[in-house]
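Those sequence lines, one after another, are chains Z and G.
Heads up: the first sequence is residues 37 to 252, going by the numbering used here.
Heads up: the second sequence is residues 37 to 252, going by the numbering used here.
Have a look at the derived ranges for each label pair, beta carbon to beta carbon: (1) G/S65 x Z/E73: 48 to 54 Å; (2) G/H234 x Z/S157: 34 to 40 Å; (3) Z/P152 x G/E138: 44 to 50 Å.
Hints listed in this document are in silico derivations from the structure and should not be mistaken for laboratory results.
Bear in mind that the values here come from a model prediction, so they are computed numbers and not experimental data.
Backbone N, C-alpha and C fix where the C-beta goes; we use that ideal spot for every residue, glycine too.
Here's the letter readout for the chains.
Protein chains: 2
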Amino acid sequence: MEQLLRVMNFCLSGDGIGAGFSDRQSLESPFGCDRPERLFSWAGATASWPNRTETGGTRGLDDYFTRDFLNGIGAEIMGRNKFGPQRGPWTDLEWQGWWGDEPPFRTPVFVMTHHPRPSFSLSDTTFHFVSGEPADILARAREAADGKDVRLGGGVSTVRQFLDAGLIDTLHVAVAPVKLGEGLRLWESPEELTDRYHLEVVPSPSGVTHHLFWRK
Amino acid sequence: MEQLLRVMNFCLSGDGIGAGFSDRQSLESPFGCDRPERLFSWAGATASWPNRTETGGTRGLDDYFTRDFLNGIGAEIMGRNKFGPQRGPWTDLEWQGWWGDEPPFRTPVFVMTHHPRPSFSLSDTTFHFVSGEPADILARAREAADGKDVRLGGGVSTVRQFLDAGLIDTLHVAVAPVKLGEGLRLWESPEELTDRYHLEVVPSPSGVTHHLFWRK
Chain Z
37 MEQLLRVMNF CLSGDGIGAG FSDRQSLESP FGCDRPERLF SWAGATASWP NRTETGGTRG
97 LDDYFTRDFL NGIGAEIMGR NKFGPQRGPW TDLEWQGWWG DEPPFRTPVF VMTHHPRPSF
157 SLSDTTFHFV SGEPADILAR AREAADGKDV RLGGGVSTVR QFLDAGLIDT LHVAVAPVKL
217 GEGLRLWESP EELTDRYHLE VVPSPSGVTH HLFWRK
Chain G
37 MEQLLRVMNF CLSGDGIGAG FSDRQSLESP FGCDRPERLF SWAGATASWP NRTETGGTRG
97 LDDYFTRDFL NGIGAEIMGR NKFGPQRGPW TDLEWQGWWG DEPPFRTPVF VMTHHPRPSF
157 SLSDTTFHFV SGEPADILAR AREAADGKDV RLGGGVSTVR QFLDAGLIDT LHVAVAPVKL
217 GEGLRLWESP EELTDRYHLE VVPSPSGVTH HLFWRK
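Please model the complete structure; the sequences and the hints are all you need to start from.
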């Protein structure tokens, strides 16, 4: 059975930036930039946003993307910066990441880091800390995903690394109608990927533009 | 937990018609109209089409809709004509519907009919034959869905019946760029529903236009 590697609901500015420079990241500023909600408020407005605690929310186009977050996914791979702002060896094992007591992933999650740390579980998410080449980490995630697809969670540098290794099967990038000016850049233009991927560009009534790539 | 009643991937012509008149339906012509694939070929082109037997297929916008077919769904309700072309009492119990040995539903399915027939299973789909008011049938389907949503599968008359009873929470109607001229009509215009529903109209690169309704 085919197990895809999928980037889903990846939020980007109109000038191709997904987060501030990583030296500006901190516990208080996971994205390292000013008002990052400008990038992902479209997702928070939907009924199926994984972190939603109240009823309500829209059920239009954007909701199909947030609904798909858990659909057929058996594992996630994320860069260390999506787990926390720490650098170097892990010194505070009490701090268990940005994702709260009930992380939205609900599968094994493989956090890429050169520094070893024991695995632990929060609710139905288990975090593993792994080093190695992208292809090796993907092989481990596929095994854990038990026949399902693997989500590549980001951030920008992690997506770039897997793109450069030719490992990504589908990408959904939601481009917000804002410019950030500086920070970690995924692309200068989405056209950079069209040699390897089909691309559909779908404007949403919410103002974001969904970019849907799949392998040629 | 909220259990929605959802119409999904419902295929319609540009002039609002979903099938031929029901007296033209037969074993050989489930839709009772000429070349019904003009209405649903957009779905068959996607990678996630439930009846796909070969690899391949598109993974753009349309695929998000076919991917969603089983996502969070615990039961389906369908009109008798979606099960088969017979009218009156069931005389041939050997014939088990149009859906083959592995029906795509993979849940309990409630077929609306005034004529009793024993339940039976094909692979992981179980067909039940039920009569009664839409609200009563929905209550049975919700119970069987075990906390998940219920799909209302059609056809046109069944959707109209549940719309008129105010029971539908979300509708996804894919309007194809063809006109059928005559047959069973869902609407004269999608605007007829906007007093009760939000509506987003999303053109797809494939040529169909997705209409996404959710309750106000």
